[in-house]
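S.K.: Residue numbers (my numbering), protein chains in the order written: chain A, 1 to 257; chain B, 258 to 576.
It cannot be assumed that every hint is accurate.
Here are the simulated distance ranges between beta carbons [to be verified]: (1) F164/A <-> E286/B: 34 to 44 angstroms; (2) N544/B <-> F164/A: 50 to 60 angstroms; (3) G378/B <-> V253/A: 48 to 58 angstroms; (4) A228/A <-> V275/B: 27 to 37 angstroms; (5) V275/B <-> A247/A: 24 to 34 angstroms; (6) V253/A <-> E286/B: 30 to 40 angstroms; (7) A247/A <-> G442/B: 35 to 45 angstroms; (8) N312/B <-> M22/A: 30 to 40 angstroms; (9) K365/B <-> A240/A: 32 to 42 angstroms; (10) G243/A <-> G315/B: 21 to 31 angstroms; (11) A144/A <-> K365/B: 23 to 33 angstroms; (12) V244/A <-> G297/B: 49 to 59 angstroms.
Think of the hints as simulated: they come from the structure by calculation, not from any bench. We put the beta carbon where it would ideally sit given N, CA and C, even for glycine.
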Amino acid sequence: MRRYRYLIAFVTILLKEVTRFMRIWLQTILPPAITMTLYFVIFGHLIGPRIGEMGGFLYIQYIAPGLIMMSVITNAYANVVSSFFGAKFQKHIEEMLVAPIPNWVIVSGYVCGGVARGVIVGIVVTLVALFFTDLHMHSFWITAAVVLLTSILFSLGGLVNGIFARSFDDVTIIPTFVLTPLTYLGGVFYSIELLPRFWQRVSLANPILYMVNGFRYGILGVSDIDVATALFVLAVCSAALFGVCLALLNRGVGIRT
Amino acid sequence: MHALEIRHLTKAYKNGVVALKGIDLTVDEGDFFALLGPNGAGKSTTIGIISSLVNKTGGTVRVYGVDMDTHLEEAKSFIGLVPQEINFSQFETVLDIVVNQAGFYGVKRPLALARAEKYLGKLGLWEKRNHRSRTLSGGMKRRLMIARAMLHEPRLLILDEPTAGVDIELRRSLWDFLREMNAAGTTIILTTHYLEEAESLCRNIAIIDKGVIIENTTMKRLLAQLNVETFILDLRQPLAAVPEIDRFALHRIDETTLSVDISKDRSVNELFARLSALGIEVASMRNKANRLEELFVRLLAENGPSAAATRVAPGATRP
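All chains should be built: construct the whole structure from the sequences, respecting the hints.
M.R.: Have a look at this one:
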């Protein structure tokens, strides 16, 4: 009975989240499609032919998985951080806090909302990519696992940001100054084999490198790093961050006086 | 059975403010209970702790015998909260807000929809169910928060100033709704600055000031403490001077208005007879302040000079 009550609460949070980002699709779904179209036009069609091949593929084919993954990462993160901070700002987070819901259900609901947006945007951007180039899936299961784990990880990251955020500035600081540089340096546009050995090693500390390469392997079958390692890193980081979110909510950080 | 049992509840904020200094409070099942106090007395902190929005520093809270420290979820399931501030999403529809809240309590959607129709209908919001909440008037938003709190049909309904800023007609319709819910078995705890509201609705009362309960009794017993009532008399003819009448303290407000303090051992009939004998005709008469307001102000004054000097319930007139 209790589990069924939790399930209803979880589905309610998830539907509330999906309804929220679908209601404002002009701000959530459309912009990544337009941005990625510009990336494909500029880097794929205009600059790509001058670069030639990378990893044995046309440049546009090589960057396509990275660009898709970049959209998944930023949208999963943005969904949870903006929704959770918005709920705090408008105080309607209290609707959940007064209800008999364990914190793990709240975390799961928000994270699945972020995953839903990440996956939907990922599909939209993939359709945009198919308009510019051919993509053949090397392994559906690896692709799906990487997308899922990546969107879970960054939804959890967004939640941590949302928990600590006290102003709208706090919501944008991490995406602007941490997430974007790590994404651009995570091998979206290049293979790390192009870097000097020192910077190759530094790049291995960037978690986004594992996601981009894991996804690239799922689509193209090529990767700068071992795919099993990538999946392992993603799973461990996700589990650790889930624990962090739970501990923060249990202590009432940012939500209780 | 006690709907709520609070023992030695304390709350000290990080900035050093001690909001609650070990309060004890008991509310019986089925009661309509008023928790009154001036701004900053500790009412909202107490409600925040009961509804788990505020972490307590010490003490225990039991809801229908269930300890909130050990069985938080079960205790929460008994409570419906109507907070002081608007706290729903401004972008969601009225129906989504109440049905989602039911979902958080594990109420199945078909049942939630049926209850939404019932409570939104009772509170005059069913026609607005598909409107976004930000388009509602202030009074409608207050009613929406009450409907939302009722969707899981709580045994204990806590209302933190539910009629603040609401016009008198709507306030009285909300009173009728709350009386109906109480008659149906819901225990209600009400905080309000409208003391007429507390006097009209509540059977038991606690007054909190500076984090301490300074009075906790029945409304009847509290009102019985009032030894002197002040009335305003509107006269037919202007008076040049205030008449002197033994055992009645008369004060001039303006040339056609007097105030008079009448102690319990005197009667209004006696006053009228004495005024009539002096040829003074009274056109109308009213209480200077609500009876509970007079007591409230007096109790706060007795509790400390700062309260008496700086805090008066809105609408109350100093005696």
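S.K.: Indicate, hint by hint, whether the structure satisfies it.
M.R.: Tested hints:
1. F164/A <-> E286/B: 34 to 44 angstroms: The hinted range 34 to 44 angstroms holds for F164/A and E286/B, with Cβ atoms some 41 angstroms apart.
2. N544/B <-> F164/A: 50 to 60 angstroms: With a Cβ separation near 53 angstroms, N544/B and F164/A satisfy 50 to 60 angstroms, so the hint holds.
3. G378/B <-> V253/A: 48 to 58 angstroms: With Cβ atoms ~40 angstroms apart, the hint is violated.
4. A228/A <-> V275/B: 27 to 37 angstroms: This hint is violated: roughly 57 angstroms between Cβ atoms.
5. V275/B <-> A247/A: 24 to 34 angstroms: Holds, at about 28 angstroms.
6. V253/A <-> E286/B: 30 to 40 angstroms: 35 angstroms Cβ-Cβ, so the 30 to 40 angstroms window holds.
7. A247/A <-> G442/B: 35 to 45 angstroms: 40 angstroms, holds
8. N312/B <-> M22/A: 30 to 40 angstroms: Roughly 35 angstroms apart at Cβ, these two residues keep to the hinted range, so it holds.
9. K365/B <-> A240/A: 32 to 42 angstroms: With a Cβ separation near 35 angstroms, K365/B and A240/A satisfy 32 to 42 angstroms, so the hint holds.
10. G243/A <-> G315/B: 21 to 31 angstroms: This hint holds: roughly 29 angstroms between Cβ atoms.
11. A144/A <-> K365/B: 23 to 33 angstroms: Hint holds: Cβ distance 32 angstroms, inside 23 to 33 angstroms.
12. V244/A <-> G297/B: 49 to 59 angstroms: At roughly 36 angstroms between Cβ atoms, G297/B and V244/A fall outside 49 to 59 angstroms, so the hint is violated.
The structure does not agree with the numbered hints 3, 4 and 12 stated previously, though it agrees with the rest.
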